[in-house]
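Number of protein chains: 2
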Amino acid sequence: MDVKKLLDKKEEYIGKEVILSGWIRNHRKQKEFGFIDFSDGTCFKHLQLVYDDKLSDFSEIAKLHIGSAIEVKGTLIKSEGSGQDVEVKVSLIKLLGDCPLDYPIQPKRHTREFLREQAYLRPRSNLFQAAFRVRSIAAQAIHTYFRENGYVYVHTPLITANDGEGAGEMFQVTTLDLNKIKDKPDYSKDFYNKKVGLTVTGQLEAEAFAMAFKKVYTFGPTFRAENSNTKTHASEFWMIEPEIAFCDLNELMDIEEDMLKFIVNYVLENAKDEMEFFDKFVEKGLIEKLKKLVNSKFKRITHEEVITILKNAKEKFEFTPEYGEDIAKEHEKYITEYFNGPVFITDWPKDIKAFYMKQNKDGKTVAAVDLEVPGAGELMGGSQREEDLTVLTNRMKEMHVSEKGLEWYLNLRKYGGCVHSGFGMGFERLLIYLTGIENIRDVIPFPRTPGNCEF
Amino acid sequence: MDVKKLLDKKEEYIGKEVILSGWIRNHRKQKEFGFIDFSDGTCFKHLQLVYDDKLSDFSEIAKLHIGSAIEVKGTLIKSEGSGQDVEVKVSLIKLLGDCPLDYPIQPKRHTREFLREQAYLRPRSNLFQAAFRVRSIAAQAIHTYFRENGYVYVHTPLITANDGEGAGEMFQVTTLDLNKIKDKPDYSKDFYNKKVGLTVTGQLEAEAFAMAFKKVYTFGPTFRAENSNTKTHASEFWMIEPEIAFCDLNELMDIEEDMLKFIVNYVLENAKDEMEFFDKFVEKGLIEKLKKLVNSKFKRITHEEVITILKNAKEKFEFTPEYGEDIAKEHEKYITEYFNGPVFITDWPKDIKAFYMKQNKDGKTVAAVDLEVPGAGELMGGSQREEDLTVLTNRMKEMHVSEKGLEWYLNLRKYGGCVHSGFGMGFERLLIYLTGIENIRDVIPFPRTPGNCEF
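First to last, the sequence lines map onto chains H and X. Residue 231 in the working numbering sits at position 231 of the first sequence, and the numbers go up by one each step. Residue 394 in the working numbering sits at position 394 of the second sequence, and the numbers go up by one each step.
Among the clues, some could well be false.
[Unchecked claim] Selected chain X positions facing chain H (in silico; Cβ < 10 Å): (1) L178; (2) A245; (3) V419.
Simulated from the structure, these hints should not be mistaken for lab results. Nothing here was measured: the structure is a model prediction, and the numbers come from that model. By construction, the Cβ of each residue, glycine as well, lies at the ideal position given by its N, Cα and C atoms.
Build the full structure now, drawing on both the sequences and the hints.
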């Protein structure tokens with residue numbers, strides 16, 4: 001039986017014999033009895049096991065190590081102690097797998113840096129039990145949202161000859177023997193007979209599918225070969241990229257807002273214990289912050305209006321805000337505090353945005369939107385896509401984006417093209433916002449960053 | 001409004017005005033009226049639009065090209081014609097995006113080879129509308145199954161320095177400039193400071209998570225750099241890899257059977273129109289085959305017993321079945337026909353299986369299991385994992401599997417190890433079984449095979 005099931009239906013099981021398998025997370029022994037914090041990983045809460053010296057193997061049980069796998073037989077009873085409603089009075093404990101005293105995950109406070117080095121063991125600690133269960137629950141929330149709203153889930157390719165936005169640096173993928181390259185690589189002998197790499201976005205392929213299914217989304221791994229050693233950069237991460245036909249920028253913002261509120265609600269409902277843990281030990285006020293987001297109406301404002309607000313601010317910024325230029329992290333922070341909630345910033349200067357974004361009539365801006373949330377900055381980036389073939393190809397020329405390899409993408413405008421929009425959300429950025437955990441390395445099971453590819 | 005919603009609630013909308021956006025899939029004009037097969041991609045069924053010469057722009061509408069994007073205003077009415085219950089009597093059609101006559105997806109029979117070359121357009125054809133919607137629905141079925149059964153969804157890394165089973169050939173991932181390699185690559189200058197590649201399995205990392213969460217699963221992309229040009233091989237595909245602690249081989253088979261029946265039921269229920277299409281045009285008897293699977297009890301039999309059956313068979317095999325050896329495709333076929341249903345084959349000769357599989361007491365076999373299904377052969381491969389550290393390391397020595405880089409994997413046996421099991425299912429193999437589509441290239445949105453990395 002799972003501990004989760006037992007605790008969910010504890011009233012039903014009180015007084016009954018149960019058999020459980022799991023691990024010893026903590027062990028406190030006294031002369032005549034002992035307590036084991038027991039977890040089988042099916043829920044965040046531990047189950048207390050109590051045993052006493054009436055058991056013939058009391059002294060053996062008292063020697064059991066922290067981290068060991070055990071099978072326990074006992075009766076679920078109401079607990080006299082504080083901290084739990086119920087506990088299991090042990091009749092039998094069988095050691096399944098011992099755990100020697102050099103076990104790194106002892107029941108004490110470890111630094112996150114230390115636990116990162118023990119990435120294969122850290123999900124057994126409270127913080128990472130919570131983090132990775134919330135990761136799973138948030139992923140389920142995303143699939144549930146799009147399923148319930150009639151989207152088709154599309155697996156866009158990871159290996160690609162396109163460079164996506166022309167923005168991110170790419171990893172190369174090859175089967176050539178690097179020890180045998182003379183002068184230049186002969187790509188005609190490579191696996192795909194050409195130079196290929198790991199994708200930085202599934203958007204272009206998602207657009208093709210939106211032109212057939214109207215509403216689609218991707219949810220898969222994405223890669224950046226950027227040599228950035230910051231708290232928010234990883235070279236392998238997961239992205240959600242919805243793409244919707246017959247949808248303009250305003251409707252896109254409706255979808256972004258609706259989706260985010262759904263995910264936050266879902267996680268608050270389905271990860272109660274984990275979220276309380278984060279609220280208590282990681283980010284004070286986290287649950288209140290999230291509940292506030294769910295109940296707020298997101299502000300919508302243009303980039304130009306944002307710059308005006310920033311210019312009029314009394315605050316001294318490190319970077320001076322300028323019309324026609326990007327905004328800095330400090331500006332994002334100011335704006336979300338100014339409106340005391342999430343803010344959609346629309347209509348960005350075209351020269352700082354990607355080639356495929358819909359050009360506005362002013363000739364200066366594009367129909368792009370970034371969602372800024374309090375405490376985490378940019379959470380989603382989206383745009384209406386340029387559906388006019390001539391405007392799009394002219395913009396590509398201006399920006400020196402080659403049409404080669406993108407003929408099919410351009411053809412989407414030729415064969416029954418229409419107004420369409422989409423956005424991208426970094427899954428780990430969402431998790432950082434949801435959990436209060438600051439470092440992206442701590443919300444990815446086995447993170448990959450420059451110089452780090454362990455496990 | 002979505003066509004799906006309109007058709008789901010047609011009784012409610014009859015006589016009402018509706019506004020829809022979508023594409024012209026076919027267009028038949030007569031002198032005084034015309035019919036448009038209209039699809040917005042939200043459901044498999046097309047909606048018939050009827051217009052007549054009472055419309056002032058009748059002659060303009062009659063010229064609309066197949067493939068064009070349109071917005072239509074009209075009234076939902078009961079249809080007099082055969083083939084549909086309802087249709088829309090048009091009051092207004094607005095052209096959103098034209099589609100010239102060279103549009104490749106004309107309403108006629110195209111070969112799958114031709115459509116494969118038009119991968120960005122083929123989801124607009126009936127076959128691929130059905131195939132990729134079923135792909136999405138099957139993915140949702142998988143996530144739903146594991147969510148409802150308390151599994152944690154874990155994203156195992158794609159870029160890895162391990163070679164997984166030591167079996168599959170790997171793609172190398174690098175940021176070194178291949179034009180500047182002199183003699184040998186200097187991996188200290190590569191992104192991760194060592195040689196890395198694309199994973200062939202997430203199993204090892206999933207095992208680490210099963211030791212913390214009891215029940216976990218992966219569902220993500222996997223890679224093989226095999227130069228195989230067959231109907232069932234792709235170099236990039238998606239895999240499902242559940243891993244369960246405190247679970248032996250028999251319990252694993254229970255899970256495999258339960259999961260497969262759930263997925264099949266879910267797809268039959270949620271993709272009725274698509275499955276009827278496959279049954280009619282792709283594999284006659286498909287739905288009956290799947291319903292039979294759901295209602296059958298899967299046979300469980302050892303590899304040794306299978307060989308005995310094969311040796312006693314009257315059938316002449318190309319390859320002679322032998323104890324201690326692998327079985328061929330023709331043998332798989334014979335066995336599923338012999339038992340007239342799905343068959344779990346257990347206890348395989350250890351020398352043809354991977355190092356991590358639990359060794360049986362006979363010293364010859366391992367606690368591995370392959371699920372063979374009628375018409376598709378091997379659908380899942382799983383095993384109980386060797387939890388005894390000494391037995392495992394001895395086996396690695398025998399099989400020349402290096403412990404280097406796998407110390408953490410071995411430590412899982414040292415720190416609270418336990419009986420655990422897992423299996424892998426290729427998502428595309430499942431789709432081939434579910435749809436009757438024979439070629440893996442036709443169930444992957446943008447397939448990657450040797451020499452092919454388009455879009």
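Against the structure, the hints:
no.	hint	verdict
1	L178	4 Å, holds
2	A245	7 Å, holds
3	V419	7 Å, holds
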